[in-house]
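Colleague: Residue numbers (this note's numbering), protein chains in the order written: chain A, 1 to 307; chain B, 1 to 544.
Hints in this document: simulated from the structure, not taken from any laboratory.
Fair warning: there could be bad hints in the mix.
With a straight-line Cα cutoff of 30 Å, these simulated DSS-like cross-link-like pairs (lysine-lysine) come out [what the hints assert, rightly or not]: (1) A:Lys205 <-> B:Lys463; (2) A:Lys205 <-> B:Lys377; (3) A:Lys38 <-> B:Lys463.
Since this is a predicted model, take the numbers as computed values, not measurements.
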Amino acid sequence: MDTILQLLGFVLVIFAALALGWLFRWVATRVTPHETAKALRTAPLTASFGMLVILIYVVVALLAPLVAPFGEREVVGGEFLPWEAPYYLGTDSLGRDMLTRLVYGARNTVGIAFVTTALAFLLGSILGLLAATVGGWPDQGLSRAVDVLMAIPALIFSLLLLTIFGTSIVTLILVIAVIDATRVFRLARSVAMNIVVMDYVEAAKLRGEGLLRLIVREILPNAAAPLVAEFGLRFCFVFLAISALSFLGLGIQPPTADWGSMVRENATLITFGDVTPLLPAGAIALLTVAVNFVVDWMLHRASGLKE
Amino acid sequence: MTAEAANKDILLTIRDLKIEGRADEEWIEIVKSVDITLHKGEVLGLIGESGAGKSTVGLAAMGFTRDGCRISGGTVDFDGIDLRTAPEAERRSLRGRRIAYVAQSAAASFNPAHKLIDQYSEGPVEHGVMSRAEAERDAVELYRRMRLPDPEDIGFRYPHQVSGGQLQRAMTAMAMACRPDLIIFDEPTTALDVTTQIEVLAAIRDIVAQFDTAAIYITHDLAVVAQMADRIKVLLRGEEVEDADTRTMLSAPKEDYTKSLWAVRSFTRPEQPPVKDDSTPVVSVRNVTAGYSSLKVLIDVSFDIHKRRTVAVVGESGSGKSTAARVITGLLKPSEGQVLFEGTALPPDYRSRTREQLRQAQMIYQMADTALNPKLKIRELIGRPVAMYLGLKGKALTDRIRDLLALIELEPDLYIDRLPSELSGGQKQRIGIARALAAEPRFIICDEVTSALDQLVAEGILKLLDRLQSEFELAYMFITHDLATVKAIADEVVVMKEGRVIEQGPKAEMFQPPHDPYTELLLSSVPEMDPDWLTHLLAERAGT
Numbered sequence: 001m002d003t004i005l006q007l008l009g010f011v012l013v014i015f016a017a018l019a020l021g022w023l024f025r026w027v028a029t030r031v032t033p034h035e036t037a038k039a040l041r042t043a044p045l046t047a048s049f050g051m052l053v054i055l056i057y058v059v060v061a062l063l064a065p066l067v068a069p070f071g072e073r074e075v076v077g078g079e080f081l082p083w084e085a086p087y088y089l090g091t092d093s094l095g096r097d098m099l100t101r102l103v104y105g106a107r108n109t110v111g112i113a114f115v116t117t118a119l120a121f122l123l124g125s126i127l128g129l130l131a132a133t134v135g136g137w138p139d140q141g142l143s144r145a146v147d148v149l150m151a152i153p154a155l156i157f158s159l160l161l162l163t164i165f166g167t168s169i170v171t172l173i174l175v176i177a178v179i180d181a182t183r184v185f186r187l188a189r190s191v192a193m194n195i196v197v198m199d200y201v202e203a204a205k206l207r208g209e210g211l212l213r214l215i216v217r218e219i220l221p222n223a224a225a226p227l228v229a230e231f232g233l234r235f236c237f238v239f240l241a242i243s244a245l246s247f248l249g250l251g252i253q254p255p256t257a258d259w260g261s262m263v264r265e266n267a268t269l270i271t272f273g274d275v276t277p278l279l280p281a282g283a284i285a286l287l288t289v290a291v292n293f294v295v296d297w298m299l300h301r302a303s304g305l306k307e
Numbered sequence: 001m002t003a004e005a006a007n008k009d010i011l012l013t014i015r016d017l018k019i020e021g022r023a024d025e026e027w028i029e030i031v032k033s034v035d036i037t038l039h040k041g042e043v044l045g046l047i048g049e050s051g052a053g054k055s056t057v058g059l060a061a062m063g064f065t066r067d068g069c070r071i072s073g074g075t076v077d078f079d080g081i082d083l084r085t086a087p088e089a090e091r092r093s094l095r096g097r098r099i100a101y102v103a104q105s106a107a108a109s110f111n112p113a114h115k116l117i118d119q120y121s122e123g124p125v126e127h128g129v130m131s132r133a134e135a136e137r138d139a140v141e142l143y144r145r146m147r148l149p150d151p152e153d154i155g156f157r158y159p160h161q162v163s164g165g166q167l168q169r170a171m172t173a174m175a176m177a178c179r180p181d182l183i184i185f186d187e188p189t190t191a192l193d194v195t196t197q198i199e200v201l202a203a204i205r206d207i208v209a210q211f212d213t214a215a216i217y218i219t220h221d222l223a224v225v226a227q228m229a230d231r232i233k234v235l236l237r238g239e240e241v242e243d244a245d246t247r248t249m250l251s252a253p254k255e256d257y258t259k260s261l262w263a264v265r266s267f268t269r270p271e272q273p274p275v276k277d278d279s280t281p282v283v284s285v286r287n288v289t290a291g292y293s294s295l296k297v298l299i300d301v302s303f304d305i306h307k308r309r310t311v312a313v314v315g316e317s318g319s320g321k322s323t324a325a326r327v328i329t330g331l332l333k334p335s336e337g338q339v340l341f342e343g344t345a346l347p348p349d350y351r352s353r354t355r356e357q358l359r360q361a362q363m364i365y366q367m368a369d370t371a372l373n374p375k376l377k378i379r380e381l382i383g384r385p386v387a388m389y390l391g392l393k394g395k396a397l398t399d400r401i402r403d404l405l406a407l408i409e410l411e412p413d414l415y416i417d418r419l420p421s422e423l424s425g426g427q428k429q430r431i432g433i434a435r436a437l438a439a440e441p442r443f444i445i446c447d448e449v450t451s452a453l454d455q456l457v458a459e460g461i462l463k464l465l466d467r468l469q470s471e472f473e474l475a476y477m478f479i480t481h482d483l484a485t486v487k488a489i490a491d492e493v494v495v496m497k498e499g500r501v502i503e504q505g506p507k508a509e510m511f512q513p514p515h516d517p518y519t520e521l522l523l524s525s526v527p528e529m530d531p532d533w534l535t536h537l538l539a540e541r542a543g544t
């Protein structure tokens, strides 16, 4: 009986998610300008749901001080209080409000992960496209340097760098961005390699186009689809990397709220059958799924025109 | 032969065949009611332009459709078996054993990781027709009948170690492995040079006759189908236009569309007055030797291209035609010799040429698909060279783009904001032409510009190029392997072989005997509409 109920609940959640997606799409197509609305209408329900989730995360992250009932670092009551008003999701191991911590966690963890991924992509794809377009020695130099960086296990390498440069948020972002940029570099280079040999690139070269225009107008638009897909995946990996570093004490430092360290700090509760410590993990999972839903749709759109 | 065939049993009956393809979330009918009756030992030619549904019908004769397609109506009856309703297992047991398929590109269809003979044996062994050892002995026998060189050993090579024409013959031998009743040939010689094409055609025709195999021969080349087929069926947009036996069809086509197909090769450009001896050629290639590292692809090549003249550079693949274009454009530095533009030497590397020098020599590519950036709109594709070389902006730029579109006979309002993927093959090639014109050059290299197009479309492109030439006094270098195109558009012809110029001169002289032996071979290899042409040619060549 229990399993049936669980199954039913599961199905219900999926339907609710799709319904939310439908509702979001319905609203979105009516409030956005014509061109965007036309594109949105083609979005499948999964992608609509994904966009809704991302939108909620962004709003919560931006308006964290207004949404959260308490202060980020404020000890408001006893440790591990149950889910009762005014602590709707209970309190953590130090007596801070769980809901508040979750809300601020969105700002910190998502914000840092996003900035890191964006930076990694900026660095990795610019260098990758450059290496593929120019070729010759610059390509060899960059590629071999990246090989060396990739030969060192990412976690050990970031631990090493963070120990050397200290554990501020800026260093954390820079270190992870540089390490992740090596992966992006490899992808961008290999994708661009296939585009550089196309006749239209040759035509542009013979026209006398400069390097910048070659990369920005001729190569980048055609390399964008796989790069966008990789962005979704990379974003999730960066998330995990930050959580792993936080777990080892070198990531986001307490008392700053961070979903990764929140799981660790409250892990003892799991032994008592309480789901509270899993909420931040769930928040990470939901965002990951949402991002990938949207990326899938974008990929489909990008490839759809080619058939 | 047809009368004889009519008395034999019927092998394949297709009635009211309808096939739908999925595009943009809906099903579109791509084949509308096609009927085929094929007798044992009969060869049916299916012809039509690309998109006519030839290949789709051919595959449906095996009860097969490509991904995203489905047979939505009609019956496919192969020797009493309804291929539409038969279970997949039964259809699979037929394929390869009783019905075989030969694809257009043998190079892409063979698995590069296995030897030819291993791939040959797979079918017969899998279907339990022969043991492995028997299959290998049989392979050698068929390779011999397909007149492959060194039939004992050729099977033990990998696909990349064998030339394109040989590979296509090996593939036909493979299709024959189980002695099928029906073979479907899907454009088997389209990717081959004329001289190789002859060998493959002769081999296919012989083997089909020897084993009395029925065949469906799909092609867009009328002259080829005239040699191969007993009966011809013309398709247009998924519908049958006309069906008659080969000789009747060739001598007395009934439908207008068929007549227009037959008339395609009639376009010829009027004779141009001879060039004055003292005039400076627009482009002059002087004793150019070039290659990649130690391999020499061009050896001591020289030719001139004058204003308002078209010089056709002819040769088989690997003869150095395209390399000559790369040297002229500066993509490849010659090791000796130089390229002159109106009397002054061009820097060998395009990077050291001035913008003005780059502007004067433009290029139109063979594959418009890869020559146009798929992410840019027509406006930018054509507008970029205009903005770059002529410095036009805003309204002046838009006006110029619209003029250019009108010049290539595309409605500006309709096309200016489209992406290349929203155009047909011929329209894409027109955009390629407009992009070259946008620079207002004096010289254009046309690299096989019509070889990827259907004949009707290709003719339109040739006429357009001809009109533009007279209008803007352009000089063309026309690279092609198709001598029919040369006849239509060239003023002068340069014949190349293995990196050397074999013969060159005005068109009239080139098409008159006496020829260099190689030119003779090239000229005589161009298929003609006469259904007896291949037979006569082979007899003639055997005699000499």
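Colleague: Evaluate each hint against the coordinates.
Modeller: Hint check results:
A C-alpha spacing of about 29 Å is found between lysine 205 of chain A and lysine 463 of chain B, which places the hinted pair at or below 30 Å, so the restraint holds. Proposed proximity of lysine 205 of chain A and lysine 377 of chain B is supported: the alpha carbons are some 19 Å apart, at most 30 Å. At most 30 Å may separate the alpha-carbon atoms for a hinted pair to count; lysine 38 of chain A and lysine 463 of chain B exceed this at roughly 41 Å.
In terms of the numbered hints stated before, the structure departs from hint 3 and from no other.
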